[in-house]
Each structure stands twice: as structure tokens, then as C-alpha cells.
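Using the sequences and the hints given, assemble the complete structure.
There are 2 protein chains.
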Amino acid sequence: MNENAKSENYNSSQNQTDNSSEYRVGIDIGGTTATVAIVSTKGHILGQATTHTRDYKTPEDFTTALAGLIVDLKKDLPEGTRLIGVGIGAPCANSSTGEIEAATELPWPSPIPLRRLMEERTGLPVAIANDANAAAAGEMLFGNARGMRNFIVITLGTGVGAGIVCDGHLLNGVRGFAGELGHVTINRHSKRLCNCGRYGCLQNYCSASGVVTTAKQLLSENPDAESILRDATELTSKSIYDAAVKGDKLAIETFRITGEWLGFACAQYAAFTDPDAFIIFGGVSRAGRLIFEPMEKAFEENTLHLYKNRVKFLPAGLPGADAAVLGAAALIG
Amino acid sequence: MNENAKSENYNSSQNQTDNSSEYRVGIDIGGTTATVAIVSTKGHILGQATTHTRDYKTPEDFTTALAGLIVDLKKDLPEGTRLIGVGIGAPCANSSTGEIEAATELPWPSPIPLRRLMEERTGLPVAIANDANAAAAGEMLFGNARGMRNFIVITLGTGVGAGIVCDGHLLNGVRGFAGELGHVTINRHSKRLCNCGRYGCLQNYCSASGVVTTAKQLLSENPDAESILRDATELTSKSIYDAAVKGDKLAIETFRITGEWLGFACAQYAAFTDPDAFIIFGGVSRAGRLIFEPMEKAFEENTLHLYKNRVKFLPAGLPGADAAVLGAAALIG
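Residue numbers (this note's numbering), protein chains in the order written: chain A, 994 to 1326; chain B, 994 to 1326.
Among the hints, erroneous ones may be present.
Since the list gives no way to pick out one identical chain from another, each pair is judged satisfied if it fits inside one copy or across any two copies.
As the list claims (entries may be wrong) - Under the rule of at most 35 Å between Cα atoms (straight-line distance), these lysine-lysine pairs were calculated in the DSBU-like manner: (1) K1301 x K1068; (2) K1068 x K1239; (3) K1050 x K1301; (4) K1184 x K1301; (5) K1305 x K1209; (6) K1242 x K1067; (7) K1209 x K1301; (8) K1050 x K1242; (9) K1290 x K1050.
Simulated from the structure, these hints should not be mistaken for lab results.
Nothing here was measured: the structure is a model prediction, and the numbers come from that model.
Here you go:
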């Protein structure tokens, strides 16, 4: 059944301090790969296995394979180990219905009743959420938001997502679509068309492709400005970052503008849930101070006095490679 | 002690169906008057008394007087009646700290430890909130949001406030300043200076004075347009409404623009908490369809597809005169 799956068990030195016999299962489902991990109550990964999403003809087969991986991984755990639930992070996952809706990355028609299928196959409680909400749960349980009851995680990747925690609760909303902050219109007069069909969403400025658009715009508006980006065969947010690190002024300006838009947006977002912190996550956020400095400056310049100098901006606290499965595991309360 | 207070007890016919012996106290504190009411579990007012806020030299004297009014009102209730708590709606009330902060309307220096003072004087649990949050609590318990777990109340008055309920919780935030939606920048290029020191807040477009500013702008931009507003000695949102009802095109256009800004704002706000409904409350909202029609149109035109045709716009469900004390009473869970 799991011939296309590989599994790996390891013990980190940290596990030695982690004596609980209760474990969570965290599953990260992507368009190519699905990863299953057994996670301790302190956020250590005890075992991990992967399989290829597209190798399965139906969601039923796929979830049967995932359940098989859990059983395989559990074999290597000590006697008396108890799994308390399965958390799944997946694109377009609706926490309220337990279904995946219109996920173009996955090879099966929507809606996919993922929660029900996994509950039937494992006999365990199952929670599902989109990537940004799983990231928020992970930061709260294992990461930089430990002990915080009010924060907003913003993920800057192919798109821009958000997970909002207010008064200790991860917000879902009536249809499970709370926290779509990447699609707040931050520039009503923008000519940047979003994949949602609207113009001027935050995502058009702060996603990986938003960064590239900003760089291209700067190159075209400043034909005389020297920049190593001018000679690049293909611009990506990574290549623009590499140029910025080398001191390329136009690349640095690209991230300054990106951070400024994000800071302006967060200045507005603070008025909704009065957060302690924004936690900035995902590929584009790796630009570090190139994006954090202009972001924090724009936040302080644009926010209401009630929030001024009172909101922290933090990078994600979960290790990049494991963040997705740890966040998924954290969905089990 | 309460010589400047008058009290009044009445029974509505509705009370006959309301047999619980548990009652809440709702108190609405304004700059001029404070109103104390005894409220049944079904939202009927059993007795009501008022006093003049400015007649008291200290918050200690003021809260002693309020506690006296509660005792007076309780005398007239049936034997066996139990008061389960006191909810207070007041300007700049911080739900988290229980204090009133920087309320320019009140005659005492801030912060005022209102919750502690009232708890000491009544021996009852006390909850305090600002007017918009109290309105949200009232709509959820007694009004148009009964049975709803996700909605946003927006109050259009001297200012613009909001109370956000998500997943059944009234959002507070880390410092109790969640829901300051009147101070979200909706027009970054605006020349309208807000009392918060920033430009282009929702409040500058949709408060009573925002409506007047829009009308004045239309009058000045259209010098040839006929309008009875041109002859008015003083413009108010009420006089503009009266003109609109008489068919004055410029007055109607004023409310259309107001509704359009509000609908655009709500289109963005939906992305935070994925609400079932917006409930629009306060003086300006009395313009009814003059403001609701353009608001709903702008919402549908500007919101993300996830929320399109799925969010209701409702007027407040609580009777105007009693809304404040009913909302305050509803703060007691």
C-alpha cells in the first residue's frame, strides 16, 4: 500500500527531556508531497514519513495511505504511546466543514471531505486548517507566540495568507474563511490584477510575485539606475534578495517598498484584534531586516495611537523545514 | 444621596411571559446622564432610573450613587429576585483592565477603575465595555444577531465604532482595543483630518460629521446644482436626511457616497472574521435604504468571491431608546 512512501524515524537529543506518552500526528498536504509526522507535546518530531500526493487516484486511497503511514510510524514508538489526534494543514482547507474546497493544487475534484475520511480511517479526532491557520496554531503551541493570546501570523509565499489568534482563539468565521488578509485591498488605485479578479490586494505587493513585480516596475521607471537585476534572465524574489545582500540599491529599494506596504497594512489590521504581535512567516520574510525595518517604520507612522509602540514584529519561531507538520499537529488542542 | 436621580418602574405586557427570577443590571454612562436598568433574561426592562453624571465630584461618589439606584430598583422587584451581575457601557471603557481611559466626555481624571469601584459597591460581578462592544453584546443576546456566532456591529454616530463577534466571542484583544474599525484608513489620499491625527479614517466619511463634510464638498464642487441644503443655516446629518427624504438630489447623493464608503470598508472587513452579517447601528444608519442600498452594492462589487452574496446587512434589532442599557446588561454572560 505504501510502496511509494518512505519513512524515517529519528531521536533528537531534545526528546530526552520530553517524557509524555501522548503524541499528536501532524500532516502537511501539498500538491506534490504529503508529510506525516509524530509530534511530542513539546513540539519534537519523533518520526516522519512522506508520500506523493499525485500517486493516488482518489481521496479515499490517499487517506488510506496516510493512515497506513501513521500505523507504520507508531510501531517504532515506545510501548504505551497514545496518539491524541490528527491535525492536517492543506490548501483551501475549511476548518468549519472539514472539507477541502476548490484546491487547484490537488488532483481530485472538490469538495474533499478530508476530516471525515481521516476520522474513519484512524478512529482519532481530526482537525484541518489552511496553511496560514496551521502556522498560527504552531506558533502558539511551539513557536514565538507561546504564552501570547493575541497575535496575527502573516505568511508571505506564493500568496499571502494569515492566521488570526484573538483572546486565545484561532478565528474561523462562519464559513471557515477568517483571516484572508492577503486579499484586503490596500491600494484601491492599483493596476496590479490579483488572481482573485480584484486589484490592489496585499498579496499583489507582498507575495513572491509581488516582489518581482515591484522590482520590474522600479527597473522600468528608472532606466538609468544601475542594477545587477537588469542582466538577470529571470527575476525571482530569491534572486532579488541575493542582489540586495550584495548591496544592489534597486533590489534593496524593492524590499523597502514591500515592507512599507506590509507595515501600512498591519497598521490597519491592528485595529481589528488589538494584537500583541505580528509574526511574519514564509519565503519573502527571509529577507529579514531588509523587510522588517521598513515594515516596522511604516506601521508606527500609520497606526492609531492606541497601538503605537505597543505591537511587536517577530519572525516565525518554528524551524522552516518542520514548520508545516508542527503547525498541523498543533491544530489538535 | 440620590436626590438628583429619578426612578421609574414599569411592566410591559411582554414581561408576563418572562418567568425567570434572575436579572441583569445594565448601566449606560454618558457625559450628561447615566441610566441604570434592571433587565430580564429575555431582554425586558423591569425598572429604570437615571442620574446626572456631572453632579458627582469623584468616581467614588458616582458609583456609590449608581449602587444606590440598583438597591432602590431592586426593592420593587418580586421576592426571590436575584441580580446576577452588572454590565456597564461607557466611553473609552477597556474590557480587559476594567478601567475607563482618557474619556474626555467624563468629568473625572483617567484612568477610572470603574469595574473595581462597582464590584466593591454592589458585591456583584461587573463587566464594562465601550458603547460599540456593548451594542454587539446586546444584538447577540436580545437583538438581530440572536443565534449568530459571527457578526460585526458598526455604530455610526458622532464617531464610528465597531464590536466584532467571531466564533461566538466578542473580541477584546490584548489591551481591550479590538474593533476600532472607525479608524481604519479607507482613503490614504484623503484630505479629511481625523480627531486621531491621521487622515482618511472610515469615521471621516461615515460619522455624522463625515456626512456633513460630504454634503459641503458636493455643494462646493457643484455650484450650479439646486439643493435646499444651500439655504440651510446649519447642516447636520439629520437636516441632510430630511432633505433627502424630500427628494433633494444632492442630499441623496451625500448618503449614496456615505453608503459606498461603508460598503467598500465592510468588503475588506469581511476578510478578517468571515461574518454572517454586518449590523448597522446609530444615528446615521436611520437613513435606511438611502445608505443600505449603496452600501450593499459597494460591498458586493468590492469583496472577495468567498464572501460575495453570503453576508447580510441588517439594521439594529434593539429599540433605540433602550439599546444602550440592554447592550450593557448583555455584557454579563
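Comparing the hints with the structure gives:
no.	hint	in the structure
1	K1301 x K1068	neither (52 Å within a copy, 48 Å between copies)
2	K1068 x K1239	neither (49 Å within a copy, 79 Å between copies)
3	K1050 x K1301	between (52 Å within a copy, 33 Å between copies)
4	K1184 x K1301	both (31 Å within a copy, 22 Å between copies)
5	K1305 x K1209	within (31 Å within a copy, 41 Å between copies)
6	K1242 x K1067	neither (52 Å within a copy, 73 Å between copies)
7	K1209 x K1301	both (33 Å within a copy, 33 Å between copies)
8	K1050 x K1242	neither (49 Å within a copy, 62 Å between copies)
9	K1290 x K1050	neither (50 Å within a copy, 43 Å between copies)
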